[in-house]
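Engineer: Chain order of the listed sequences is P and Y. Per the numbering used here, the very first residue in the first sequence carries number 1; after that it's consecutive. Per the numbering used here, the very first residue in the second sequence carries number 1001; after that it's consecutive.
It is worth saying that the hints were derived from the structure and are not from the lab. Using N, Cα and C, we set each Cβ at its ideal position, and we do this for glycine too. Keep in mind that a hint or two might mislead.
Unchecked claim - Here are the simulated lysine-lysine pairs, DSS-like style, with alpha carbons at most 27 Å apart:
| # | chain 1 | residue 1 | chain 2 | residue 2 |
| --- | --- | --- | --- | --- |
| 1 | P | 73 | Y | 1109 |
| 2 | Y | 1109 | P | 37 |
| 3 | P | 10 | Y | 1155 |
| 4 | P | 64 | Y | 1155 |
To be verified - Which bits of chain Y does chain P cover? Going by a derived footprint, with three or more residues having C-beta under 8 Å, they are:
| # | region |
| --- | --- |
| 5 | 1054 to 1067 |
| 6 | 1103 to 1117 |
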Amino acid sequence: MKAKIHVTLKNGVLDPQGKAIESALDHLGFTGVGAVKVGKYIEVDLHEKNKAAAAAQAQSMCEKLLANMVIEKFAVEIAE
Amino acid sequence: MNSAVIVFPGSNCDRDAFDAMQAAGLKPSYVWHAEASLPKKLDLVVLPGGFSFGDYLRCGAMAARAPIMQDVIRFADKGGYVLGICNGFQILTESGLLPGTLMRNAHLKFRCKDTNLRVEANDSAFLAGYQKGQVVNFPVAHAEGNYFADDDTLKRLHDGDQVALRYATPEGKVTAEANPNGALENIAGITNARKNVLGLMPHPERHADPALGGTDGQVLFKSILTRLAA
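Isolated chain Y (complex conformation) (with noise of 0.2 Å):
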């Protein structure tokens, strides 16, 4: 099995994300975001974290258009997984593989710390490692996660069982203070309907080393893994 990091000008959770990945055993590789397609025999494409393009235009507007991603399409919609964390979250829905959109956050502010997060849904790969209404602490670092779909698309989401990760108290709560941004519903991540491409604003990366303060996301890799090799 391998797996790829797309790099665009401005990723910087890059290496945090390979190095995750690597650690879990999902033998990653580097792929720049100006090449026409994605090497062969590809099972996993992590968009990491950062400020694609200065963040230009909007979050993930410019990313999502670049040369790379005609094929990250392709390869999800023939099944591939795609996982996007943060700027990663905002590129899925710009380029129209995850609905909704991540807009400001409603205070303005850039929030970065750790944040308790409830599993709505463990039936993709990349949550089954986890137990439903588990909660686990990822951080965030942003300032523009406040997750907003029309009534059609949350209806969808809700009927799919797509909504995956919502902010929540340390005990499981769903509550206004537990949610860092303002996103609609506490959503944090979501997933398509087919459940191969995962959309999160919070970063399971930064909590994958014990030397990171936290090893919560180290799960969300293997369970990846666990999968593939099933």
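Next comes chain P alone, as it looks inside the complex (with noise of 0.2 Å):
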């Protein structure tokens, strides 16, 4: 099993990052751009063949490590 998962900030936390692309995208022409968020990608490889049991695994991790949830919400996806 395969766990992707996509850490990005919560809504309402400033992402000075995304304001720069943002500023950046309209430096280069394209117009009609809205807000710009950056967030992190993250691929574990899990060893586990339940993929309920790989779900809650990566859901820990993220919630022990991989996002700060003070400023951070994650999204899980298992893969085959």
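Using the supplied hints, reconstruct the complex from the two chains, each of which is provided in its own coordinate frame.
Structural biologist: So this is what it looks like as structure tokens:
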């Protein structure tokens, strides 16, 4: 099993990197760009064969290390 | 009395902290992050500045899960004094010893300069040598020092008088211009509720010797000694 994990800032948390990219896109002439948000994508290979157990394991990893729950949220997708 | 500086891969202010502690009479020793336990009969642990583990994942995230940190958390829970400077502050928030977090500076720039700080609370062992409202000068050097906490956490910090230091003008006014990184309410340093853990982004150890251009930081290290000797 492979856990595909997206870690992103919670809504309302200032994202200066997103703002900087937003203005750089504007400089490049990309009009019509709304808010840009920057996050992380993490892949974890798991020995676990059971999908539900793998999801629970990945969730626990996010809570304990991969995400900072003060400012970040995460989404886990389990792939075969 | 004895103290320890924890050394992580990527720490780079460990020797500065060691020297300032030694000069203040705190009898420091170095402790490597992979150790399972702190030396016996310890009064103070300092988590130094630097870029532990290359700032991988998030600043301080890896260091906060290093083997020695389990014992640092136990030590703090028993009332031992823990001081985190710069990356050390980031490690303290990542380990849960202090609330909130340190985000990327609002302007995205690395800031390396002297800052003026207003002492907001002097009832901890670390700041007892300063007057409340006094302005001290410590340098900052960081790209992720933008303190953030949610509303509930901020209220708890206020209620417990845990905001220890704020960025201010030389006259002690807390203004947006004096804020080097966008930190919430100009917060530069906080303590835990019990006041035995202090985290701050500015570097007192870099202004702890006349040769370094300032001595305001000396008082912080001497304050700890005074409290321990009392």
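Engineer: All hints, please: hold or fail.
Structural biologist: Status of the hints after comparison with the structure:
Distance check on the hinted pair: residue 73(P) and residue 1109(Y) sit about 25 Å apart at the alpha-carbon level, within 27 Å; holds. Of the supplied pair hints, the one linking residue 1109(Y) and residue 37(P) holds, its CA atoms being roughly 18 Å apart against a limit of 27 Å. Restraint check for residue 10(P) and residue 1155(Y): satisfied, since their Cα atoms lie roughly 20 Å apart, inside the 27 Å limit. This hinted pair checks out: residue 64(P) and residue 1155(Y) have alpha carbons roughly 25 Å apart, not beyond 27 Å.
Check result for the region 1054 to 1067 of chain Y against chain P: holds, 4 residues qualifying (beta carbon to beta carbon below 8 Å, three or more required). With a cut-off of 8 Å between beta carbons, the region 1103 to 1117 of chain Y has 6 residues touching chain P; three or more are needed, and the interface restraint holds.
Checked against the numbered hints given earlier, this structure breaks none of them.
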